[in-house]
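Put together the whole structure using the sequences plus the hints.
There are 2 protein chains.
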Amino acid sequence: MRIPLDREKPVALPRQIQAHLERLIRERLLAPGVKLPATRELAQELGVNRATVAQAYEELVAAGWARAHVGQGTFVAEPPGVQVAAGPADPRPAPLNWPGLFSRSAQIVAADDDRTRALVSAAAATPGVITFAGGMPDSGLFPTEAFRRVLNDVIREDGASLLQYYPAGGYPPLRQYLSTYLLRFGLEARPDEILIVNGSQQGFDLIARTLLDPGDAVAIEEPTYPRALQVFRSFGAQPLAVPWDAAGPRVDVFERLLDRHAPKLFYCQPSAHNPTGLSLAPETARRLLQAAGRHQVPIVEDGFDGSLYYGARPAVPLKAMDRDGVVIYIGTFSKVLFPGLRLGWLVGPRPVLERLLAAKQLADLHTSALLQAAVHRFCERKLLDRHVVRVAREYARRRALLLAALRRRMPRETTWTEPTGGFSLLVTLPPGLDAEALLPAAIERGVAFTPGATFFVDGGGARTLRLSFSSVAAGRIDEGVRRLAETIKAAGGSTRERADRAAVPVV
Amino acid sequence: MRIPLDREKPVALPRQIQAHLERLIRERLLAPGVKLPATRELAQELGVNRATVAQAYEELVAAGWARAHVGQGTFVAEPPGVQVAAGPADPRPAPLNWPGLFSRSAQIVAADDDRTRALVSAAAATPGVITFAGGMPDSGLFPTEAFRRVLNDVIREDGASLLQYYPAGGYPPLRQYLSTYLLRFGLEARPDEILIVNGSQQGFDLIARTLLDPGDAVAIEEPTYPRALQVFRSFGAQPLAVPWDAAGPRVDVFERLLDRHAPKLFYCQPSAHNPTGLSLAPETARRLLQAAGRHQVPIVEDGFDGSLYYGARPAVPLKAMDRDGVVIYIGTFSKVLFPGLRLGWLVGPRPVLERLLAAKQLADLHTSALLQAAVHRFCERKLLDRHVVRVAREYARRRALLLAALRRRMPRETTWTEPTGGFSLLVTLPPGLDAEALLPAAIERGVAFTPGATFFVDGGGARTLRLSFSSVAAGRIDEGVRRLAETIKAAGGSTRERADRAAVPVV
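For the protein sequence lines, the chains are A and B, in the order given.
All the letters of the first sequence, read from the start, carry residue numbers 105 to 611 under our numbering.
All the letters of the second sequence, read from the start, carry residue numbers 105 to 611 under our numbering.
Check each hint, because a few of them may be wrong.
The list treats identical chains as one, so a pair stands whether inside a single copy or across any two.
Pairs of lysine to any residue, SDA-like flavour, derived with a Cα cap of 20 Å [said to hold, decoys possible]: (1) K113 x R219; (2) K139 x P276; (3) K486 x V138; (4) K486 x E145; (5) K486 x A158; (6) K486 x L393; (7) K486 x R106; (8) K139 x G290; (9) K593 x R288; (10) K139 x E126; (11) K139 x A166; (12) K139 x P247; (13) K139 x H173; (14) K139 x P203; (15) K139 x R127; (16) K113 x R567.
Hints listed in this document are in silico derivations from the structure and should not be mistaken for laboratory results.
Encoded structure:
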C-alpha cells in the first residue's frame, strides 16, 4: 500500500501512517472486514521500522478503526460513532462539469434507475411477494453441475489457448455447431456467416453502430423489447412503431412507413415475442420479407429459440424464408441455457457480417473463448438438447397454469394474449385502469408484474401489463393471479371513471 | 431438421430429401464429419416413413455425399469431385446493396485484414520463425490449473446465481477487492467508483460513446495503442498527436492543443507504455493533470498494471495524483492474468461512472458474473499475487536478455527504448530504412516484429518497429535479435540512399 510519508514534517511517522489509514477507513476506501497489510510487509514497502507500523496499527485499534485478531492480523472495523454511520459521503468533489462533457448519445439514455423498476426489484426481493416480473429462465432449472463438468474438461484439454487472446469471429467449433443446429429450424448459414457476440444485447449494439446514423428512422414492432429500442435511440435513431395484431406486425403500416420514412432497418421478434408470447403468421412473414426486399431495408430478427414453443410445431424464423438476404438474425443461449454467460450470435450475409465483425473487434476484441468452448462441448454432448426438453415441458406447464388461472379469476373486460412461445404474455386491463398506477397496490397484496408501457414506443400501453410465467413456481401461479385479480377488482376495473394517468386512485 | 417436402410434386419423397441434403452438403452448410439425424428421428419430424429417409440416406452414400458407419449412423463425407474441392462458393447472393447501407462509423473502420497483419500472423504460425510480434502474456506461464479449481469452487457454491442475469456494475466482491487492491498503487476508489467491463477495449468503447460526438477533437499520445485510436476514430473523432519524449507525452504540445483545438479528452498510457515500455516522469504527470484540470478536459489513463515493472518501484498512476477528478482510469486482468477472460475495469468520478454504467448496460447488459467471481476468488486466495511475482521475474529476465542482445548485435544508428514496464520496446532503424518494407525479408530470415507505423497517429513511425519480449522463450531471444540484425545489415542500414517508402529495396 502506498502511503505518502513526509519525513520533514513535525508529525511522527506512526501518526502519519495512522492518519492516512484512518482517512481511508472513514471514506470507506478500506471497507469493514478488509485485512490491513502485515506490519512487516508494509514497513518494508514504506521503508520504515516494523515498530512504526505496529504503533500506527495499535492506535487505529485503540480508536476503534481497526480490530486486531491474534495470529491473524489487523482488520478494518465497523466505523465507530454516529457521524460516520450516517453513510459514506463522497470525499472527492469532481470539479469537472461532467454533464456538460457528455456526448449526445450519453444524454439520450440513462441507466435503469426509474422508480417503477426499483419498485419491481424491491418487490421481487420481498418474501411472500409472487413476482411475474422476471422475464428470464428459472435459475432453479439450470444444469449447473453438468456445465461445471464440461467447463472442467475444456480447461483441462485446451485451457491455455482458450484463455489467450482469440479471433473476434468466435470459437470455430461453436460456429460450426450453430451452422448445423440452425438447420433444425430451416435456417441455412455457413460458419463464416455466424458471428459470436455477448448475448442479444451486444447484437443490437453492433447492428446499430453498423447501420445507423443520428437522425435515421428505424421501424420497430410495437409492443417490443425495450432494451433493443433503447439501443437504437442511443444511436440517435427515430423509432417508428409498427403495431402487432394477431398475425404479427401490421404489414400495411410497415409498407406505409417504408414509403414515407425510408427507415434504415426494421426490428422485430417474429416468434416467442416479448411481451406477448405470440408468433407471426407465415403469410405475414412472407409479406414483410417482400416489402423489405423491395425497399432495400434490412430486417433485424430477434430470434428467441425455436426449441421453446408451446404449439404443435416451432415457428419458422424469418431468416429461414429469406431468399433475398435481407435478414440479420440474432440468436442467444440466454433463454435456453444461461443468461449470465452472455453468449449469443448473429447470422447475416457476408458483406454485412464482415462489418459486424469489425465492430465486434472494436467493441471488446472477442467473446470469452473459454465460455464458448464450454457451451460447445455442452451442446456437442447433447446436454443442451436434453435440457431443453426438460425446461420446455416445465415452462409449458406454467404457461397452462397461468392461462387457466386467468380464465378462472380475471374480472370481465380483462384480456390477455395466448403465448405460443417465450416466457410471458400481455394482459390488457379494463378501460380506466393504468398498470403502472396499479403496481403499488398489487405489491401491497403480494404480487408483482411489469407495467406494459415500457414495451411501447411512444407512451402507449398504459392499460397493459406483462406476466412472465417462466420463473414462477407452478404452485404459486394460481395464488399470484388471485391476488392480481383482487387488485384489479379493488381498483374498480371498468366501473370507475377514467382518471388522469398520474393520479389514478388505485387503493 | 426442417426439409420442405412437396407431396404434390412428381418427384418422389426420398429423392426430395436426398436433393435437399445434397445441396446443404455441397454448399458446406453441412460440413464433413457432421452426423445426419437418425432416420427414425428425421422421419418423425418430416411425417414420412422411416424407409423413405433411409432410402434418401442410401442414395447420398452411393453418390459419395455421406458415409454410413454401422451402428453409429450416417455422416457427411468429404465432398466428392474436383468442382467442389475448388472451395465453397456463396450460394446466396445478397441483392441488398449492403455497403450503401453502412453507417458513417462502419465506413471508417474495417476489420483487421491488412496485409502486414496477415504477414505477421502467418509468420507467428510458421515453425522456426522467432516472433517478437505478440504483445501479449506468455500462455505457457498461465496458472490454468489453479484457475480451473477456483472456477469449480465458485460454480459449486453459487453457480445458479452467477449464471443468471447480473447487475451491470459488476460482481460486488470483485469491485470491493479492486478498491483495496488499487490502494497498493496509491489509487483511491470506492467500489461504486469502479465498473467491471470486458477488458480495456470495452473501456475505450464506453468512454468514447459517453464523451465523443462526430467531429470532436481528441488528444492522443504518440506512439500509442492502435486499438484505442481506432475506437476514437470510429466515433468520428479527429485524433491530434501529443508526441512522447523521454519524460512522457510533451506537455507543451498538449497545452497548445488544449488552447487551439479544445479536445474532448486526452488518451495516454502513463506507465508500461505500449509500444515503448516507458513510463512518464512524476513532474510530467503533475503538469498534465494541471493542464487538463484547467481546461476541463478528462484524461483517459490506460493503466497497464503496476505489478509488472522492471525498475526499483512501480510507476504511480496518474489517477493516484488526480486531486481534481479529471482522470478516468482503465485497468485490466489481461496483462497480469488471462487476456481471454476479457475482464477489466474503469475507475472514475461518480457522475461519469453512472453514465459509463448506462452505456455498459446498453452494450451487453453485464460481464459474465461467473468469470468475475472466479477471478475474485483467485485474487482473494492470493493466487494472483503469487502468479505476478513469478511472471514479473520471468518477463524481467526476457527484457534483460533482449536489451543485452540488442546492445551486442545491432548495427550502429539503430536505437531502442529501455522499458521500465510492459511487454515491449520500440526500435528505431537507421535512416533510410522502413520497418514495414523490411518485414518480409526478416520473416525470410526467421524473425518477425510489428512495424511501428501502426502505433503512430498520422503515418509517422515508418522507421520504427516494436519488439515484444513477453512471449518469446528466453533461449530464443538472442538468436531472434541476431536474425533481425542480419536483416537490417543486409538492407543496407544508413549507408543506402533514402528511397521511396513503397519501393524500398530490402533484399
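Here is how each hint holds up against the structure:
1. K113 x R219: neither (51 Å within a copy, 60 Å between copies)
2. K139 x P276: Between copies only: 17 Å across chains, 44 Å inside a chain, cut-off 20 Å.
3. K486 x V138: between (45 Å within a copy, 14 Å between copies)
4. K486 x E145: For K486 and E145, only the inter-copy Cα distance (14 Å) is at most 20 Å; the intra-copy one is 52 Å.
5. K486 x A158: neither (60 Å within a copy, 23 Å between copies)
6. K486 x L393: Answer is neither; intra-copy 33 Å and inter-copy 57 Å both fail.
7. K486 x R106: between (53 Å within a copy, 19 Å between copies)
8. K139 x G290: Result: close only across copies, 17 Å inter versus 58 Å intra.
9. K593 x R288: neither (46 Å within a copy, 60 Å between copies)
10. K139 x E126: Cα proximity of K139 and E126: one copy only (14 Å, versus 66 Å across).
11. K139 x A166: within (17 Å within a copy, 72 Å between copies)
12. K139 x P247: The answer is neither: 36 Å in one copy and 25 Å across copies each exceed 20 Å.
13. K139 x H173: within (10 Å within a copy, 62 Å between copies)
14. K139 x P203: Neither, since 37 Å and 57 Å both go past 20 Å.
15. K139 x R127: Only inside one copy: K139 and R127 sit 16 Å apart there, 65 Å across copies, limit 20 Å.
16. K113 x R567: neither (69 Å within a copy, 50 Å between copies)
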